[in-house]
Amino acid sequence: MSSTIVDAHAGEHAHRGGVGAFISKYVFSRDHKIIGLQFLFSTLLWFLVGGLLALGIRIQLAWPWEGMPVIGPMLFAGEGGQISPEFYTTLFTMHATVMIFFVIIPILAGAFGNYLIPLMIGADDMAFPTLNMLSYWFMWPAFALIGMSFFFPPYGAGGGWTSYPPLSAVWEAAPGSHWPQTLWLLGVTCVGISSMLGSVNYMTTIIQMRAPGMTMFRLPMTIWAMFITAILQAFALPVLTAAGFMQLLDRVAGTGFFVPEGLVVNNSIAASGGGQPLLWQHLFWFYSHPAVYIMILPAMGMVSDIISCFSRKPLFGYKPMVFSISGIAGLGFIVWGHHMFVSGMNPILGMTFMVATMMIALPSAVKVFNWLGTIWGGRLYFTTPMLFSLSFVSMFIIGGLSGIFMAATPVDIFIHDTYFIVAHFHYVLFTGTAMAVFGAIYFWFPKMFGRMMNEQLGKLHFFLTFVFMNGTFYLMHILGARGFPRRLADPYDYETFSNLQPMNQFITICAIGMVASQIIFAGNFIYSMFWGPTVGRNPWRANGLEWTAPSPPGHGNFDFQPIVYRGPYEYGSPEVDTDYYPQTQPPPDGIEPTGKSEHTDH
Amino acid sequence: MGRFWSLLFLSVPVIGVLTFVCAMGNLWPMSGGSFSFPADHWLPVNVSENGAVIDRLFMFILGLTGVIFVATGIALFFFLWKYDAEKNAEPVKFTHGSHALEIVWSVLPAAILLFIAIYQMNAWADAKLRRPTETIGTTEVPKRPLVEVTGRQFEWRLRYAGEDGEIGTPDDLYTVNELHIPVDEEIVIAIKSEDVLHSFFLPNLRIKQDIVPGMKQFVWFRANQTGTFDVVCAELCGWGHYKMRGRMTIESREKFDVWLDKQIEEQERSEFTPKAGDEDE
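If you read the protein sequences in the order shown, they are chains A and B. Anchor point for the first sequence: position 408 equals 408 in this note's numbering, and the numbering is continuous, going up by one each time. Anchor point for the second sequence: position 7 equals 609 in this note's numbering, and the numbering is continuous, going up by one each time.
Hints listed in this document are in silico derivations from the structure and should not be mistaken for laboratory results. Bear in mind the structure is a predicted one, so any value in this text is a computation, not a measurement. No residue lacks a Cβ here, since even glycine has one placed at the ideal position from N, Cα and C. Mixed in with the good hints, there may be bad ones.
As the list claims (entries may be wrong) - Taking lysine to any residue pairs in the SDA-like style, the calculated list, with each CA pair at most 20 Å apart, reads:
| id | chain 1 | residue 1 | chain 2 | residue 2 |
| --- | --- | --- | --- | --- |
| 1 | B | Lys845 | A | Tyr492 |
| 2 | B | Lys818 | A | Ile348 |
| 3 | B | Lys794 | A | Leu248 |
| 4 | B | Lys818 | A | Val264 |
| 5 | B | Lys794 | A | Gly274 |
| 6 | A | Lys319 | B | Lys794 |
| 7 | B | Lys695 | A | Val252 |
| 8 | B | Lys818 | A | Gly262 |
| 9 | B | Lys794 | A | Gly273 |
| 10 | B | Lys794 | B | Tyr776 |
| 11 | A | Lys459 | B | Lys695 |
| 12 | B | Lys794 | A | Arg541 |
| 13 | B | Lys845 | A | Glu172 |
Said to hold, decoys possible - Partial chain A-side listing against chain B, Cβ under 7 Å, derived:
| id | residue |
| --- | --- |
| 14 | Lys25 |
| 15 | Ala127 |
| 16 | Pro260 |
| 17 | Leu263 |
| 18 | Gly317 |
| 19 | Met345 |
| 20 | Ala365 |
| 21 | Phe382 |
| 22 | Pro485 |
| 23 | Glu575 |
Said to hold, decoys possible - Sample of chain B residues lacking proximity to chain A, with all beta carbon distances greater than 10 Å (derived):
| id | residue |
| --- | --- |
| 24 | His643 |
| 25 | Ile656 |
| 26 | Gly675 |
| 27 | Tyr685 |
| 28 | Glu692 |
| 29 | Ile738 |
| 30 | Glu750 |
| 31 | Glu757 |
| 32 | Pro772 |
| 33 | Lys810 |
| 34 | Asn826 |
| 35 | Lys845 |
| 36 | Glu856 |
Chain B with its partners taken away, still in its complex shape (with noise of 0.2 Å):
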């Protein structure tokens, strides 16, 4: 049974890669029968920049454990291939370790890992830290969000600057759940909550950041297609979770200004304009 246990083990790394391969290439089998996985089960489409290079980690981060996972699960179906017991009848090797076999899988490990640690920090300030700038005047300032989506149970809520580009005086536009954005721009979203904690999830974007009430907090991107896309909440927010659901629609400059323009019109037809001030704490 040995001969069984080791190829069992063995087909951990065989499995575990072909399926990955298969996700990255719709290359499930049995297309067509009870369990055919349509296509599109890898990364969703990227469409902004640090995406990008989150992507490119990620792979890189693949590419390297995958490595390490197949050595090791070939290493372990050898062994245990060789050395089992009915088949193996050499006394065992009686050693309690190897000081320099010890050394080298301790640094090599290391190095790996602190390389893997500094490479990535960029990313991370590109996306958390370097909040882009414009210049008001002479002074540098951090960029104006173009929208402020307010997250409450369960829904988003967006205002939009309006003609004077400030968010919170009386010509801001609301919307519910429809959050235009135009391409190729650096794009600054003030996002809070009203209530509990979400989290304001843009698959396509590569974006995530959790919604604390009490705080007020800014995500960016620079998105280089136009298409419409999904707006996530990925943090529990209570039993609606599921239907927080929003779109987000990127389109060029020129069609982002109408769709403001008509919102705004609309707006002002309707009685129902809220007043400044009625959502400010």
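Just chain A, same shape as in the assembly (with noise of 0.2 Å):
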């Protein structure tokens, strides 16, 4: 598509041009703000996918084979409604599969990424458009192939998201076993295909195409972890993408390699042999430990944005946050053998993990130390966004902390596997990560849709979302200290764990409040969509470039060539009347512009 700047009523050319252009523009678009969009569409329904999923396997914590309410009788007449252990094994599997593969991580690189790119840095679009619109259409055969494994008995994969051989890698191992578990296989590979080439596409972008004046200490704090996430993608990935290829092979092929000889499963002998369980956690962890950094640093550098511009006041420490960033994704290649303190791994390469893990909370607490740096001494404004993203700081000083109890490992031995590491996990993931996208969205929905949602229904979405998730996974750390472990269907027939069904019942019914509550983010997104109020340029009064752009920006984005002649976070400069500053605003009279030339890839 050439990049010639049209007007932002699109549809207009869309009905002119016919179907075959519609499709062009908004099917097979190779538009990143439109491709942004179809990832942001596709992972919202996915979100509510896998929160029912979710609610799924609290019905059964709760009331262990009292029947599933509503579904129950229409999935499972046959059992009077009830959960059957099989099923609950694919709950859990399916809603941590959905959220990682297809909410977290398109979310933040595929729809954030995506459509925030080119804007904050200035161009006119991705380096490789065409990439760009195959990693979207990557998301589909995986969609599908997830889909159908629901529709192949037992009713889709249940070996756990890691997918842990034997189990997963031995037909008669489980029931999800069966084609279910290679039809997971097969849909987590397009998942790996599409985010290598949304990597690819960005790492080329933020390097070559940032406007004249952008420099790589410029970029905001999304962007840089944007940049940081994508080397991360494309350098474990590969490592994932193999392995689950060998998981394949085993499975189809007889190769064996993580299936040692001499196993009898379920009565009948397991034909291959010579291979090792333990290969495949390396090479998982591999990849899925710097995964948990792709799910949070986006985040991170979302909220960075957010708060210094609801505090009116520059980033505190910008380099220093970048340097964290930086200092997180190389640790977090060096760490993922904490994922297997107790799997059987060497306890002294488990000392040097160890040592690795408790040296990457530190950039982790120099981030939290910048952003309560940040509000200190601002003017705040407890927008929607801005609250989102106060409250991704404040649980993710949980998240945070709590990962030091299991980086210890004496301490580890006794909660792995428990709900502690649940808890743990969804506060960094679902209290943090999942917070800092919602406030992305209303922070950045005027620019998407040239509509405001609506400020009182957000505020009313966030204060009942961060009561109800509070309620919702504080508790599993008191669970988790008890030792009570996760998978389990029905945990209660243990002794030690026979007392906690009240507990997990308040857990329950806190859970459903919590995806209650985005019923009012659902009904608010889709009007404001269409019926919010319309808004300028720069509705938040915020520095980036992609604020100067009309809202939404029209095909090529710029209406003009953006110079860049600051950083992103000047706000409440002495150099200017207003609070803010924008990255484009020439410098008054007398004040010479820095670093106007440094830049000019145009």
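Once you've looked at the hints, go ahead and assemble the two chains, each given alone in its own frame, into the complex.
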């Protein structure tokens, strides 16, 4: 597509061009903004699916074997609406799979990465628009394969999202280990291809397509985070893809990479042999630990931008923030073994991973302190995006601190595979990343659709989500301290855990409230998309380049050539009378513009 | 509204700490109400020596992180309260950061984290590296296991050494899901799996070890209290994972010997005695 600048009324073009033009504009589009929105809508829909799967887990834990309301009788009429133990394994496997591979990773990199990178660096599109289109359309085979797995007995993969062999590699090992497990592997591979195509594109775009004057150290934190995330993906993902194919071959060709000899599974002898189950765990976590940072770094970046904007004050410690992200990414490659402290891995190797893991808490701490420093001495506006971002900071503190417990190897012996771990990663991924994502949606929604979301409803959504999510996840620390294990369909026959059912019921009720609160969000989102009040280019009085483009930006993004004079956080600068100072605003007379001609890529 | 939001964020450390206090002291409010939480929502009773070390480490980290949790939470609240744009007319402090502060809040956490890292190494080594030894003749060898535990879908198969003290000989005793351990002795347990991954979890001894098929592993401990406790499978092993449940009886050496003799006697009377090597690969 040409990079000519067109007006925002793209619908009229589509109408004039007929069906073919509509399809190339909105379906197989190569415009980064359309692709970003495609990712956003797809991932939000999967967010709903993942949330409902989670409620299935919660209902079983609160009232085991009493049946799932409404959909239970439809799915399991034979069992009187009960969740079968097989289906329970499917529930938690698919909850995690959907949330990680279909929601968090694609909503951060796919939706916000795509939408924001060209706009925030002042480019007209991505470096490789066709590759970008393919990165979205490779999600569809993944959606189809994982979706299909629900229709083959026993209705979904049940090997856990970590897919540990031999349970996942041997057909006889688990009911969920038949067709669904194979489809699961193929689906995850497609997600990997999608991420890979995206990450190559992001790196190239950020390095090559910055507007004149946009030096690396004038990039917003969002872009820095996306950049580092892309590097993580590009270097870690091939390992998972290779491992996935190896497990696929174990399943369909009997290669036995991960299956030791002499197994007797379900009274039949597994034919293959000569493999090592721990090999899978190393390969899997070599990707999936960096993936944890892929799931948090972009959120940290977006939160930094939002907090600075609504504190009307520069980001505290910009460079330390950049170095922290880089530090997290670098250390992120050498801590995967902390998932394997009790796996049977060499305990001395475990000590090495423990020290690296302890150290990775340091850049995270530095980031928290800098966010607090940003708020200190500002003028705070409690808008919905700000509230979500503040709650990210508040909750990330909990998620970060609980990580120290499991980094300590002796303590991890006790809490490994308990609800303490479940509490920890939900504090990081739900109350952390998902809160940042909500904040980012409220923040960039006016740019995406040219309309504001309703603030009152936004705050109500925030308040209810905040209360219910803490009710849901905080008590899981207590369950974990008791030793309450994950992934048990009915834990209450154990004497140690027999008294925990009331607490699980409380958690389930909060979880239902949390999911129900999202109805407010969905309503607000859909209503505002069509009927929200229209806004100008810069409703938040923010500094970033994206706010100088029209809302929503037309094809080619900018109707002028942006030239960057300064970093994105010059709020409250004494150089100007306004409390913000856009990156493209030339300095007033008498002040020497700095770094004007450093980068002239165009 | 800024006041309201500040207080909402203040409630995080306040309710957060109170929740842990309630859990530790069984002080749940609403006792007798619809959500009365029964007692015992904290670390299960510990009956092993290394377990006490792990518990102390847990409490130490809890205290340390608790202080940081409360301090950062209150700082966040205070800044939100003080710098609310509705109430605060002061111009913003136009600053891009502080080199000195960055140094302080990098070095200080680094030192604390390194301290925790080094402080815990001994407990880890005791749990996973320093297997007890015994002396046979004049040579010191790793202590032989009392019992071999085999995880399989979905039960624990146990094999005790008979009179000869060696596992894998014809006089072995076989039981399922019922583990007996003498108290106040260094115990070594060999664990293996015959099908998929399992995890041998003894919550009251703070023992957990994943069982990997194709590998033979050992756990060891010294129990210092008698009683009956849970044996839990803590690694997903298939649809019946939740019912892979065993019981562990810790008893005096005399009672243990009596139990063992009785079991062996019963096994010999049974015509289904497995022959030697039946379960070996």
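**Study point:** Structure versus earlier hints, numbers of those that do not hold, lowest first
**Key:** 3, 6, 7, 11, 12, 14, 15, 19, 23, 24, 25, 26, 27, 28, 33 and 35
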